[in-house]
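Residue numbers (the working numbering), protein chains in the order written: chain H, 126 to 271; chain C, 2 to 120.
Hints listed in this document are in silico derivations from the structure and should not be mistaken for laboratory results.
None of these values were measured; they are calculated from a predicted model.
Please note that the accuracy of each hint is not assured.
Taking CB as the label site, the calculated pair distances span [said to hold, decoys possible]:
hint : chain 1 : residue 1 : chain 2 : residue 2 : range
1    : C       : F89       : H       : A264      : 37 to 43 Å
2    : C       : A92       : H       : S271      : 40 to 46 Å
3    : H       : T145      : C       : L43       : 18 to 24 Å
4    : C       : I101      : H       : M135      : 32 to 38 Å
5    : C       : G90       : H       : P238      : 41 to 47 Å
6    : C       : K3        : H       : K230      : 18 to 24 Å
7    : H       : K240      : C       : D95       : 46 to 52 Å
8    : C       : D95       : H       : A231      : 31 to 37 Å
Just a sample of chain C residues kept apart from chain H, beta carbon distances all over 12 Å, derived [to be verified]:
hint : residue
9    : I23
10   : R94
11   : T97
12   : A100
Ideal placement from N, C-alpha and C gives every residue a C-beta, glycine not left out.
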Amino acid sequence: MAGAAHPDAMQPSRPGRTRTARPQRPPQFPFRGRYAAYTLFDITGVLYLLVGFVALRVVWALGNGAAAWHEVQRELTHPSYVAFHVIALISVVFVGVRFFRLFPKAQPPRIGPVKPPPQPVILGFLYAVWIGVAGLMTAILAGGIS
Amino acid sequence: MKHFLLRIEPLVWLLFGQGILIGTILLTGWLIVIGVAAPLGLVAPGALAYERAHALASHWIGRLVLLALIALPLWKGAHHVRSLSLDFGGAARDATLAAILYSVAALGSLLAICAVVRL
């Protein structure tokens with residue numbers, strides 16, 4: 126079996142004679158018009174990275190015993206942590222709304238012999254799962270369901 | 002490095018996509034309670050007591066949820082930060098930055114596995 130092709134394997138050996146225009150950023154990039162939501166969607170990546178590591182720290186503390194758990198809970202009450210988590214929550218909702226709106230449009234016309242459900246059905250299903258799981262997790266963690 | 006990044010691209014995209022989909026679904030409840038409500042004292046006393054929190058987290062479903070909740074957002078974050086860098090003209094540094102970001106996400110994922118196993 127042949128190995129994977131080199132990523133530059135299809136490049137010409139020397140530059141072609143055709144002159145090409147230098148790539149230019151659209152004038153609305155990065156924060157005007159439709160680019161604002163696009164750029165913000167990318168920026169949420171920073172928050173997801175940070176949230177992931179904060180969650181790791183919290184779970185790690187839980188594994189370290191009761192004293193470490195109480196200490197990390199005390200740290201999370203610091204206003205900077207609360208503000209960060211509020212911004213992260215807004216980002217998560219923004220990502221969810223944007224991605225779930227895109228998801229039905231990105232479906233292929235057919236998956237094998239089956240046609241995917243209509244777009245509003247997919248969108249409704251995604252929102253139902255999101256709201257359901259978030260509600261269930263909130264109820265369990267907050268002590269509403271034991 | 003560029004070759005290696007292209008080879009792992011399907012895996013990165015899988016984890017990135019699940020980071021958006023599953024990560025977003027799971028992080029919502031986590032952030033509401035652990036990040037905002039509990040620190041503001043809006044959660045019932047004892048709901049996040051050590052014994053209850055440990056019992057919830059150490060159940061196999063709890064471990065799976067926590068692993069997904071930690072690891073998948075890291076991949077979503079890593080790939081989106083790479084994409085952000087590319088959009089702001091970072092093509093020349095892309096291979097190095099991608100290697101660093103994916104290494105951070107991989108390390109975080111390994112630590113997440115350790116964190117849920119040791120519960």
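Hint check results:
no.: 1; hint: F89/C with A264/H: 37 to 43 Å; result: holds (41 Å)
no.: 2; hint: A92/C with S271/H: 40 to 46 Å; result: violated (53 Å)
no.: 3; hint: T145/H with L43/C: 18 to 24 Å; result: violated (58 Å)
no.: 4; hint: I101/C with M135/H: 32 to 38 Å; result: violated (28 Å)
no.: 5; hint: G90/C with P238/H: 41 to 47 Å; result: holds (46 Å)
no.: 6; hint: K3/C with K230/H: 18 to 24 Å; result: violated (31 Å)
no.: 7; hint: K240/H with D95/C: 46 to 52 Å; result: violated (38 Å)
no.: 8; hint: D95/C with A231/H: 31 to 37 Å; result: violated (25 Å)
no.: 9; hint: I23; result: violated (9 Å)
no.: 10; hint: R94; result: holds (16 Å)
no.: 11; hint: T97; result: holds (16 Å)
no.: 12; hint: A100; result: holds (15 Å)
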